[in-house]
Each structure stands twice: as structure tokens, then as C-alpha cells.
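Engineer: Generate the whole structure from the sequences, applying the supplied hints.
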Amino acid sequence: MIDVYDPVYIVTILAFVFALIRMSSPATARSGIILAGAAMFIATVATFFYPGLGNLLLIVSGAAIGGLVGWYAAKKVAMTDMPQMVAIYNGMGGGAAGAIAAVELLQGVAGAYASLSVVGAVIGSTSFSGSLIAFLKLQGWMRSKPIVFPGQQPVNISVLVLAGIAGVLLVVHPAYPLLLPFFVLALGFGFLLTLPIGGADMPVVISLFNALTGVAVAMDGFAITNYAMVIAGTLVGAAGSMLTVLMARAMNRSIGNVLFGAFGATEETGTTMQGSMKPIEADDVAVMMAYASKVIITPGYGMAVAQAQHKVKELMDVLESKGVQVKFGIHPVAGRMPGHMNVLLAEAGVPYDHLFDRDEINPEFASADVVLVIGANDVVNPAARRAGSPLQGMPILDVDQAKNVIVLKRGQGKGFAGVENDLFYKDNTRMLYGDAQETVAKLVQALKKVQ
Amino acid sequence: MTDLYSALFIVILAAFLGYEVISRIPVLLHTPLMSGSNFIHGIVLVGAMVALGTATTDLERIIGFIAVVMGAMNVTGGYVVTERILEMFDRSKAKQGGSK
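Residue numbers (this note's numbering), protein chains in the order written: chain A, 1 to 451; chain B, 1 to 100.
FYI, nobody ran anything at the bench for these hints, they're computed from the structure.
Fair warning: there could be bad hints in the mix.
Stated by the list, open to error - Label-pair distances were calculated between CB atoms; the ranges are: (1) A:Gly-393 - B:Leu-8: 35 to 41 Å; (2) A:Tyr-72 - B:Phe-9: 51 to 57 Å; (3) A:Ile-42 - B:Phe-9: 54 to 60 Å; (4) B:Pro-26 - A:Asp-3: 27 to 33 Å; (5) A:Met-277 - B:Pro-26: 32 to 38 Å; (6) A:Val-168 - B:Ser-6: 38 to 44 Å; (7) B:Phe-9 - A:Gly-111: 17 to 23 Å; (8) A:Gly-108 - B:Leu-13: 28 to 34 Å; (9) B:Leu-13 - A:Gly-140: 41 to 47 Å; (10) A:Asn-252 - B:Ser-6: 30 to 36 Å; (11) A:Ala-38 - B:Ser-6: 43 to 49 Å; (12) A:Met-142 - B:Leu-13: 36 to 42 Å; (13) B:Pro-26 - A:Ala-64: 35 to 41 Å; (14) A:Lys-403 - B:Leu-13: 51 to 57 Å.
A virtual CB, placed ideally from N, CA and C, is assigned to each residue, including glycine.
Structural biologist: This is the structure we're talking about:
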């Protein structure tokens, strides 16, 4: 048998690296993913030439079933539901890594290869069950508030330690009956780990599980001596870890705090606000914006929930036709996955040179006539500058420095962090209550009437 | 064992490469990057195929089959999601070119 697959794997890895490099610029990003897709296809075909590969019918039908389901679901889902799709497909990768390790252990691998399989199994299973919980929370099939119970941390740690002990026993003395409790414990750990993590922390969690799946794949690659898996898994592990750190840093919190802090489980009490919330009508906002020279829009998760991105694009068009400069200020952790707002606005057709990162937009708020906050809360809360607030130290969008701030919001509730928003009580802030999509539509109508 | 050591060298280099490549990616592309790397770890499908292909007992076949199904979902789902997201960026650029 000629060794076909190893040379092909080398080409595949090269293509993956070039694909990632191409993905570092918006102009070439799409060609990057197409290149990676072609490489993946070739690698899969080459694997059929693996010496002594049996069960071919099973392989083909399994790949066909999984492939078709994955393809169909990903094609059908709405852009606003992308975070949970990323979570679920990531979980599938983790699950596959766990299952591969299970087969290896069943086949009686020994020594270092068994240890690697065990590590791959624990990480892969954790990523699988954790991503599943993240998916359920994002999909709204499970409440997205942190789920906490007394003794949570000790329980979680015990489960992980027990999984570790079972893993060590499996390496030292391979015994198949031990496999079942081992996997139950590993899966249980991912499940328990994700329960106390709330919706707004999902950007960190999704990228963390992405990194974990990468590491699990690399471990499996070690265990079955498949270098394509080792390198691709490590690339993803490194990239995912870095993104995770970036996301956590954007909230000025450590990854440990995100995972174990059960942030948002309790509401801040006892702070009394100065001033009052002052409501405003859409017509008045329209006039205010029509005569502005610069308007900055800062969207948050509320825009995604209301699917208001298309109306927001219309609003931008109307304002620009009146000679108003429109910019978007986007906080790195706005929404439920890294870059969530950018994707939605791009879907609506907002040119990406209108989208600005926190550091780029912050100096501009002072010169803005109107800032329109759409469904964002914690990321614009000046309480972050106040000592003692749970948000203290989180870098925010400095929207309160604008001449007028309009907060578009469904009701008077608090943000995810459970902290009162100082911004709502400021003298230059007006509250525009209503569903984001309907209200922005009203704004557009009113603006069209303003001469 | 030599295999393991050479793989370890590869891991170290790949980790640095991953870090270097990613550190240049703008915030705008964080979603496609995450979803793209999500697709890339779909290479796990290759391992799943080998696991199922070398399975000899029914239990191994069942677990291997699950691995292949999940791996294939990771690959196709990850690809389509990334492609769709990047298509959005392409389209918004095209519209901008048209209107200005």
C-alpha cells in the first residue's frame, strides 16, 4: 500500500495555515475559508487510503448522515442564531474527539498513548457537554441566568478529580468496565462547569470550548500518530486560547472569574440613584438626530434579540441622506459571541468601515451630538468607573460624554450584571422604550417626515 | 517514543504559529476566525474515520460510528456557518462600493 495520506496531510496543513493568514483581512477572508474547505475535503478522501481501513460502508454512511445534518442545519439557521450554531458544532468536534479516545482505549492502547487518549477523552468530553449546555442556554431552551447551588465549586472539583483518578487507573491497569464511569464523570464535569455561566459571558465560554476541542483533537492526534490532527488541533488551541484571553480582558475579568464567578447571579442592592429616568418619544428623537452632525449607534444583545439590524441599516441610510455622519461603536463583548454585532450589521449591509472598536470610538463620543444605545446595557454603564461596583474596572464605551444619549430599551430592567445603570439617570440621557425593531422603524418613519 | 518527541516539537511550533497568525486578526473578524478555527478542528473527522475503520468489535463500531457522525457535523456545519458569515462581509463591502 502506498502511503498517500501523509503527503496529502502536509498539503492540508499548509492550506489551513494559509487560510488562517488570509482570514486576517476582510478582503481575503472568504477565499481563506474556501481554501481550508478544499483542503479538508482532500484530506478526508485521502484517509480512505489508510492501510487496512475496514467498515467502509459504516464510514461513508456516518459521514453522509453527519454531513447532511450539519450542512442543512447551518444553511437554515438565522444569522441571529449563529452563536448557538458555533457552540453546537464545536461540541460535536469535542464529542468526536472523546469518542475516538474511547475507541483507542477499548482497543487496549498502552503507555504514553493511553495517557494521551485519557487526556484527550477528558478534554473532548468536557467540551462536548459544556458546549451542549451553552447551546441550550443560547437557544433559550434553558434559562440563561447562572444556575448556582451550595457547594458548587467543591462538587465540580470532586467530579474532575474523580475523572482524573479513573483516567489514571485506566492507564495503569486497563479495565474496560472503568470506561463508563470515566466518561460519565468527564461529561458531568463539562455540564457542571457551564451551569453557573450566564448569557453575557458566552463570548468567553464559546471561544474557550473552541480552544479545548482543538487541544482534545491534538491529543487524539498524538495518540493515533496523526500529525494533521496534532497540528490543526494545536493551531486551534492556540488561536482559541488567545481569543478567550482577549474576550475576558475586554471585561477586565480573569478567565477563572468568568468560569467560577457565577457573575450576574445576584443583583446589586442598596445603591440609590441620583435623578430620574426621563422618557422621550420617537418623533422628538427623530428631530434631534435630523439636525445632528454626528450620530453614533452602539448596539448590544437587545438588537440581536429584536432582529433590528435591518431597520438600523435603514436608519443609517436615512440619516446619511440628510448629511448626518453615522458611526457604530462596538464593544468587544457586546452580544453572545466574539464579533456578534459586526456580523449582524454586516448581514444588514452596513459597510464595515462604519464599524468601530471600543478604543477607536471612545475619543469620538465627546464630539457626537446624539448617541443611540440599542439594547446594550452593561457595556455602556458608567458604574464601571465607580469603586465597589461589580462592573468596576470593565472598559466601557464612554457614551455618557456625548451631548445627548438616547437609550432604546424594552423596559426598565437591569443588565445582565444585575447592576443599576448610572447612564439612565444622567441629565443628558433620555429613555426610548419599546421593542428595538418597531422603535427603530418608527424613528425611520419620523425622520423621513422631517424636512 | 521518537514519534512522540517529534510530535511534541511540532506542537510547540504549531502553537507559536497559531498565536502569531491570530494576533494580527482585527476585532471585525473575531466571529469568522472563531467559526473558521471551529471548522479547522473538524479534521477530527479524519481520526474518527480511522477509529471506525480499525474497529473490530460491535461496541468499537458503535462508538466509532458516533465519532464519524459528530466529526462530519463539525466539518460541514463549521464550514457553512463560516462561509455564510464571511459572505455577509463580502456583501456589505459590495453595497458600499455601489452607493458611494
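Engineer: Looking at the structure, which of the earlier hints fail to hold?
Structural biologist: 2, 3, 4, 6, 10, 11
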